[in-house]
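Chains X and A, in that order, are what the protein sequence lines are. Position 109 (the first sequence) corresponds to 109 in my numbering; numbering is contiguous. Position 163 (the second sequence) corresponds to 1163 in my numbering; numbering is contiguous.
No lab work stands behind these hints: they were computed from the structure. Glycine residues also receive a C-beta, built at the ideal position from the N, C-alpha and C atoms. One or more of the hints may lead you astray.
To give a feel for the contact side, a few chain X residues facing chain A, derived at Cβ under 10 Å [as the list claims (entries may be wrong)]:
#, residue
1, 61
2, 65
3, 227
4, 231
Listed next, with one range per pair, are the computed distances between beta-carbon atoms [said to hold, decoys possible]:
#, chain 1, residue 1, chain 2, residue 2, range
5, X, 85, A, 1015, 13 to 23 Å
6, A, 1014, X, 50, 19 to 29 Å
7, A, 1122, X, 80, 39 to 49 Å
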Amino acid sequence: MRNKLLSAPYLVWMAMFTIVPLCVVVYFAFTSSATGAFTLDNILQIATYTPIFLRSIGYAIAATLICLLLGYPVAYVIAQARPGAQRFLYMLIMLPMCMSFLLRTLAWVSLLQDTGIINNLLGHFGIGPLPLIRNAGAVVAGMVYNYLPYMIMPLYTVIMKIDHSLIEAAEDLGCNGRQVFSRVVFPLSLPGIISGITMVFVPAVSTFYISQKLGSTSTTMIGDVIESQFKAAYNPNLGAAMSLVLMVLIFLSIGIMNRFAGADEDEVITV
Amino acid sequence: MKKLGRVYTVVIYLFLYIPMIVLIVASFNTGKDLTTFDGFTLQRYAELFRDRTLLPLLGNSVLIAVLSSVIATVLGTAAALGIHSMRGRIRSVVMSVTTVPLMNPEIVTGVSLALLFVFVGVVLKVNSILGFVTLLIAHITFNLPYVILSVMPKLTQMDPHLREAALDLGCTPVQAFFKVVIHEILPGIFSGAIMAFTMSLDDFVISYFVYGPNFVTLPVEIYNYVKKPLQPKIYALFTLLFLMILSVMVLMNLMQMRDEKRRKLQRPE
C-alpha cells in the first residue's frame, strides 16, 4: 500500500509541469494580448491560417506514408538477420537520432542546393541544375529523412517478436509468400505500424525547422507560424490558440486511430 | 528476393548516413563551404580545442543532460513502483497523463512551459526567469515518461513472489527493494536513463522556448547560427560527437551480447 506514495513526487511534478502549463495555454488562448480580458478573437483568427494547417497536415501525412513504405521492408530485413547483425543494424538506425538534427538538415541543404553536391554531380553529366530545394518535395523529403528511424524502430520491435512457427503454419496450410505477409505478418505488425505512424506524424506536422531550411515562403508550416508568434511577432495569445488547436487535432487523430486499431498504450515506446 | 532486400536496406542506410558523411568530410575541409572540398586539413580540430565559446556550450548541454536524466531516473523509477501498485481507473488515468508529453508535439510542450514560466515570472515580478532552472525543469519533464515507460515493463515481467519472499524472510520493504527488486528492473532503469540522457543532450525544440540568454545549450546556439554563418569547427565537434556516440553504442552492444551469452550458459533451455 505504501508503495503508491512513491509516485507522489512524480504526480505533483506532472501536475505542475504538464497539466498546469496546458491550462495556461488555454488561458492565453482565450484572453486578449492587449487587455487580458476574455476573448474568442484568437481562436477565430486561426480561420485565416486554415491553408497553413491543411498544408502541414498534408505534408505530414505524405511523410508518414513514405516512411511507412520505406521503413517496413527495412524493419523486416533487420528482423530476419542473424542476432548479432540485428543488433548492429538496429544500432545504426538509432545512431542518427542521437546526432544534431539541425546540422543534419543543414547537410541536406548543401546536398540539394542549386549549387549543391547533387547538382554539381549531375552537372558533370550535363544534367541540371535541377530545382531540388525550396519546394514541397524537399520539405517532405527532409521530414522522411529525419523521422524514418522513428518508424523503423517500433516496426522492427513487433516484427522481431512474431512467432516464426505462425509463419511456418501458414506456409504449411498452403499460403504463398504474399498471403503469408497479408494474412499473418501484416496483421501481427499492426501495433508497430500504429505507433510508428504516431511517432512520425506528430513531430512532422509540428516541425518548424525543416520547412524553414528546405522550403520556401509557400511551404510555411504551422510550427513556423507558432514559433514566429513567440520569437518574432510576439503575440503569445495567438500562438497559444494555435498550439491549442494543433494539440486538439493531434489528440483527436491519435484517439481515432487507436480506436480503430485497438492499440495498447503501454507499448507505445519500446527500446 | 533476399538479395533485393539487402540492396534496398543498404540504399536506405546510405540515405540515413549521407548527410552525416557530408558533415564529417566538411570537418577536414580547408574551405568553409559544405558543398566543395578544397583540401584536407586538421585545422578545424585545432580551432575547436582552442575555442572558448563552443565547448562551454557543449558543457552546458552535458550538464543539463546529466542532471535532468539522473533526477528523472530517480523520480521516474519511484513513480513506476508506485504506479505498478495502482489498479484500475487511477492507474489508467496516471498512465495517460504520463504519455501526454510523448504524444504532445514538442513545440506545444515548449510553448506551454514557456507560457507557464513567463506567467510565474510576472506573478513573482522577476524579469528574466528563463535560464538554467527553467531548462532543467523542462528537460526533467520530458525525460520522465521515457524512464517510466522503460521501467514499467520490467516491473510487470518481474515475478511478484520474489518481493514477497524477501519480505517473508524478514526484509523491510526498503531492503526488499534494494536487495531484490532493483536487480530485476535494473536493465529498464538503465535504458530509461540512457534514453533520457540522449534525448536531453540533443533537444532543441523545447529548449529553444525555455532557454534564457544567460544559459544557452549547444543545439540552441546552432539554431541561432542561422543568422550568422556557421563556423566550420562545428563540423569537427559533430565528428567527435559522432565517434563518441558510435563507440558508446558499440560498447553497450558488446556488453549486452556478453550478458546474453552468460545467461544462456546459466539457463540452458
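Task: Hint check, failures only - done: Violated hints: 1, 2, 6, 7; rest satisfied.
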